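J.: This is what each chain is made of:
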Amino acid sequence: MTVGQSIVFVATLLAGCGRADRIVVGSKNFSESDLLGEIVAQQIERRTGLPVERRFHLGGTFVCHHAITSGQIDLYVEYTGTAYTAVLKFPPAHDADSVRRAVTAEYARRFGLTWGKPFGFNNTFAITVRRRDATRYGLTRIADLARVASRWKAGFGYEFLERADGFRGLADAYGLRFSAPPTAMDLGLTYRALAEGKVDVIAGNSTDGQIEALDLVVLEDDRHYFPPYEAAPVIRQAVLDAHPEVGTALALLAGRITDAEMRRLNALADVEHKDIAGIARDWLQAPRP
Amino acid sequence: MSLLAFYARNAQEVLGLVAQHLYLVAVSTLLAFALGIPLGIVLTRRPAWQRPVLGLANVFQTVPSLALFGFLIPLPFIGGIGASTAIVALVLYALLPIVRNTYTGIAGVDPAVREAGRGMGMTDWQLLTQVELPLGFGVILAGVRVATVVSVGTATIAAAIGAGGLGVYIFRGVAVVDDTLILAGALPAALMALAADGLLGLAERRLAWRGK
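Line by line, the protein sequences are chains Z and X. Per the numbering used here, numbering of the first sequence is gapless, rising by one per residue and ending at 290. Per the numbering used here, numbering of the second sequence is gapless, rising by one per residue and ending at 656.
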């Protein structure tokens, strides 16, 4: 048994779950994933009347992927770029359409999983600096960073440092040389470290609510280095076969959330600490053009 | 890729991380002993402090490490990012078993023995060093043992604040969906914890035997 399977196995034992005819929705361990999981869960409840069980805040891509391939959860929201490089281990690609086509085909073939239509936003890596520094040194694009990098300190999460589409490729693409090797730390702590001046540049996510709350600025990826990270529901084909109405309910969410809208929803959760279920309910009930 | 092949290819890095891990554990547990044992002794002299101090040590145990790091980052001297912050957190986590067992070990000394010491004209210092500490030693060492073993495991969280250690492999492995990487960090940490427990257990038995 792999470590991931063991974790899922133990989690299942702890939950003492017996699966009846209900849809189990998972999410990863950050607010956006919880929010999208909750939106999907409520959408299924409202449109199909099927009971939904929530298994939220699972430990990242790794745990969610093991959970869905072993049938412990039926669907969760994944990002195309993450599936492409972290799960399928393909070299980084930059074209959104081809990445989406590749993950759709490979997930169906290898795992019996179906990709729904994307929600509409792109949560890619966001090279982020303090607004004060951006104004002072005239930084708007990542290319501008090369001028100051030799005097600056970077702090990055493990995923960004480790992934093929993360720091190493970025440093090559933009010729970035920092004063010291980047400090490896927890992603959530990098925002705090940046705001407190302990590091000067971090790699956040473009839809994070913290960006505006902490008065930070995202530098434009002018050389289009970062792959697309479109969020979409991933669901077991067996569940879609048994309940085609679930697929219909999910399709109604396609293209409904822009980058700015996702940032707003994340800020409600992370900055204003509103209840996830409440945010999702309000969003689903809001009138739409 | 198998674990052995991974170690063979990254021997240098593995040894570096093991050394970092040992450093974090050694510094933080020694600091925790230096703070916790005197604190436990003070509590036996000032019973009124017992509840607030042990209560506070209990609270530190329950604060999740990432939250604790979040609070520590803005602090001058002890905060920021890197080894010092990780060590502060590890010391706070290690304090409870040491303080509690020091207090319990001394408080558990038979009052008749203590009275006999006083009757012989011992000062408080003599009473402490010649009667209470030797008699309470087994319980105190048990606390030290728990604190050390727990620290070896807890030190993996140092990787979240840029302080390195074996947690680096665990965090990287979780980030990129790689079982081998996770095991590469978890296995040596587990072995280290077992070794620390075994050595301190041996010391405990030796000293207990000599005590008789």
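Note that these hints are calculated values from the structure, not bench results. Remember, predicted model here, so these are calculated numbers, not experimental data. Every residue, glycine too, gets a C-beta built ideally from N, C-alpha and C. Where hints are given, some of them may not hold.
Short derived list, chain X residues pointing at chain Z, Cβ under 10 Å [what the hints assert, rightly or not]:
1) A449
2) Y451
3) A452
4) A455
5) E457
6) L459
7) G460
8) I522
9) V594
10) G597
11) I601
12) R616
13) L625
14) E648
J.: Are any of the numbered hints broken by this structure? If so, which, sorted upward?
T.: Going through the list in order, the structure violates hints 1, 2, 3, 4, 5, 6, 7, 8, 9, 10, 14 and respects the others.
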